[in-house]
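Colleague: Sequence:
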Amino acid sequence: MRVAVLLEERCKPNTPAFDYLQKYAGSCGRECIQFEGNKCRILETACPVCLNRAKRCPGNAVKIINLPEELDHDMTHSYGENSFRLFRLPAPRERQVVGILGPNGMGKSTAINLLSGALRPNLGDWTIADRDWDEVLNSFPRGELRDYLSLLSESGVDIAVKPQYVDKLPKLWEGEVRGLLSRVDDRGELEEYAEKTAISHILDRRLSGLSGGELQRVAICATILKEADVYFFDEPSSYLDIHERMRVVRIIQNLVEKGKRIIVIEHDLAILDVLCDLVHVVYGGRAAYGIFTPPRTTRTAINAYLDGFLTEENVRIRDKPISFLRGRVRGEEVGEVILEWGGMEKKMGDFSLKTGEGSVRSAEVVGVVGPNATGKTTMVRMIAGEIEPDQGWCTMDATVSYKPQHVSTDFEGSVAQWLDSEIGLTWRSGEFNTQVIRPLQIDQMVELSARRLSGGELQAVSIAICLGREADLYLLDEPSAHLDVNARMEAAKAIRRTMLSKEKAAMVIDHDIYFIDIVSDSLLVFEGEGGSQGHAHGPMALRQGMNRFLEQVDVTFRRDHESHRPRINKPGSRKDREQKIDGEYFYVD
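Count along the sequence shown starting at 1, add 81, and that's the number in the numbering used here.
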């Protein structure tokens with residue numbers, strides 16, 4: 082089966098792609114390439130000559146994809162000719178948490194829209210707005226999914242959805258948190274779940290004044306207050322520290338114990354691993370098509386995804402596996418001291434921060450971990466020179482490149498022009514292009530408008546700009562936010578490669594344990610009470626730092642014997658108890 086996908090964002094009037102396709106429209110006599118006003122379409126029955134021409138369209142605006150013939154009968158939904166197509170669907174299961182794992186742009190959110198009833202499957206015929214439910218049901222084999230869709234067709238399923246982009250909530254509700262939650266509190270449990278999600282202290286605040294983590298917890302609370310049969314959680318861990326992520330795990334698993342069906346989209350593999358009973362892997366072409374695999378056990382699915390090869394489907398979804406370092410002495414390549422500090426203190430309103438003493442050396446990546454609102458970003462801003470400490474000292478005869486926590490741009494122009502203006506032409510070729518631009522797939526978005534990038538695309542470009550500047554110390558605040566699993570791992574490796582090749586240093590704040598494990602040589606651990614006081618300890622060796630940090634969270638990790646990835650031990654399990662007795666909360670060997 083052949084699919085022609087046209088990315089409209091890259092093929093607008095006055096773009097090279099638009100002019101190129103217009104040049105060949107109707108040139109073969111069959112009108113394989115057609116224009117209706119400012120819209121272009123490419124017939125999937127087009128002749129080989131026109132398909133080859135379309136494939137060479139500038140800016141990768143057209144993708145010609147050959148799919149296995151067996152998928153011809155598995156198409157679940159299409160948005161139109163030359164548009165995204167989704168094959169198969171995950172199945173919500175009674176008393177189970179079902180996870181969805183895969184890159185952005187593969188149809189995960191589309192699947193949630195189909196399973197929640199926001200969209201009705203059109204089985205690939207986009208000309209039918211409301212396809213008959215009997216026809217839809219008969220296209221699926223008997224089993225969990227067909228039974229679920231049958232209930233959905235009869236309006237026999239109550240659904241609650243936690244949206245992906247919680248930062249849009251203030252635009253939907255201008256009032257206070259309590260008012261929003263009261264509107265969706267079907268069981269009269271607002272106070273109970275406000276306490277469980279740790280938002281009792283912000284109930285009387287307006288949504289517009291909340292941080293990303295607070296908005297996330299409000300969105301989760303609003304979702305579980307609804308009385309529903311099926312709950313969909315789209316990226317519930319974003320903006321949350323590991324304390325809060327483990328709290329969300331317990332809340333969601335409590336819903337399962339009440340007989341609910343749960344589907345979760347999550348890019349934090351440690352959380353996905355401990356939360357889910359089964360996982361569907363989704364693969365395909367970004368913004369072109371997505372294919373859902375049958376469910377696997379969580380461990381099998383994650384390991385297969387990291388390996389990049391799906392054995393049952395005989396499909397390679399990645400050129401090379403994502404690997405975790407094992408047995409290497411972290412920090413063995415580090416060199417001279419670049420930065421030192423001692424006794425820095427900063428008071429901001431009711432919050433106070435103390436840093437102790439520490440240093441960062443060349444070719445070293447320092448991971449920065451700890452609860453939200455304990456001063457991690459404040460310390461980075463002091464090092465970056467954005468704010469001055471009230472006491473103490475910071476000695477650094479070096480230049481700094483800083484990527485802030487919340488990234489945005491008002492640059493008028495393409496991504497390529499934005500990169501040119503920030504870091505010159507060095508990104509277009511050479512070592513930086515190989516180590517950073519291509520792994521983060523920025524080469525595939527250079528024609529796009531900088532102001533219209535998605536959250537993940539904007540994050541990737543911001544990381545590249547930070548790493549592309551000439552500096553001695555690179556400060557990156559939550560670089561994994563909005564990135565999918567693959568992009569997170571590639572970003573971690575890109576940061577490490579850049580520091581080693583340039584012999585520079587980096588400090589990286591993040592909450593994803595997998596990301597921190599890959600990127601870090603040492604750890605700076607923050608402790609304290611969020612919003613009140615914080616204290617920085619270190620930097621210290623990775624194993625020592627992880628043990629100190631995870632003891633606060635009361636969580637232990639082990640290494641998977643196949644992939645060597647960190648895995649959270651089940652609380653109270655024999656392994657969990659043994660590691661706590663030994664004081665080994667995190668294994669790096």
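Errors might be hidden in some of the hints.
Pairs of lysine-lysine residues, derived as DSS-like cross-links and limited to a Cα-Cα distance of at most 27 angstroms, are as follows [as the list claims (entries may be wrong)]:
1. Lys307 / Lys339
2. Lys339 / Lys252
3. Lys339 / Lys401
4. Lys104 / Lys136
5. Lys104 / Lys120
6. Lys339 / Lys249
Cβ-Cβ distance ranges computed for the label pairs, FRET-style [stated by the list, open to error]:
7. Lys428 / Glu175: 46 to 54 angstroms
8. Gly612 / Gly118: 50 to 58 angstroms
9. Leu152 / Glu438: 54 to 62 angstroms
Hints listed in this document are in silico derivations from the structure and should not be mistaken for laboratory results. A virtual CB, placed ideally from N, CA and C, is assigned to each residue, including glycine.
Colleague: Determine for every hint whether it applies to the structure shown.
Modeller: Consistency of the hints with the structure:
Annotation: proposed proximity of Lys307 to Lys339 holds, straight-line Cα distance about 14 angstroms (limit 27 angstroms). Annotation: proposed proximity of Lys339 to Lys252 is violated, straight-line Cα distance about 33 angstroms (limit 27 angstroms). For the suggested pair Lys339 and Lys401, the alpha carbons sit about 41 angstroms apart, so the restraint of at most 27 angstroms is broken. Between the alpha carbons of Lys104 and Lys136 the distance comes to roughly 14 angstroms, so the proposed pair stays at or under 27 angstroms and holds.
Proximity of Lys104 to Lys120 is assessed by CA-CA distance (about 14 angstroms); at most 27 angstroms being required, the pair is judged to hold. With a CA separation close to 30 angstroms, the supplied pair Lys339 and Lys249 exceeds the 27 angstroms bound. Checked against the hint of 46 to 54 angstroms, the C-beta distance between Lys428 and Glu175 comes to roughly 53 angstroms, which is consistent with it. The given range of 50 to 58 angstroms is respected by Gly612 and Gly118, whose C-beta atoms sit roughly 54 angstroms from each other.
Restraint check, Leu152 to Glu438: a C-beta distance of roughly 60 angstroms satisfies the suggested window 54 to 62 angstroms.
The earlier numbered hints that this structure contradicts are 2, 3 and 6.
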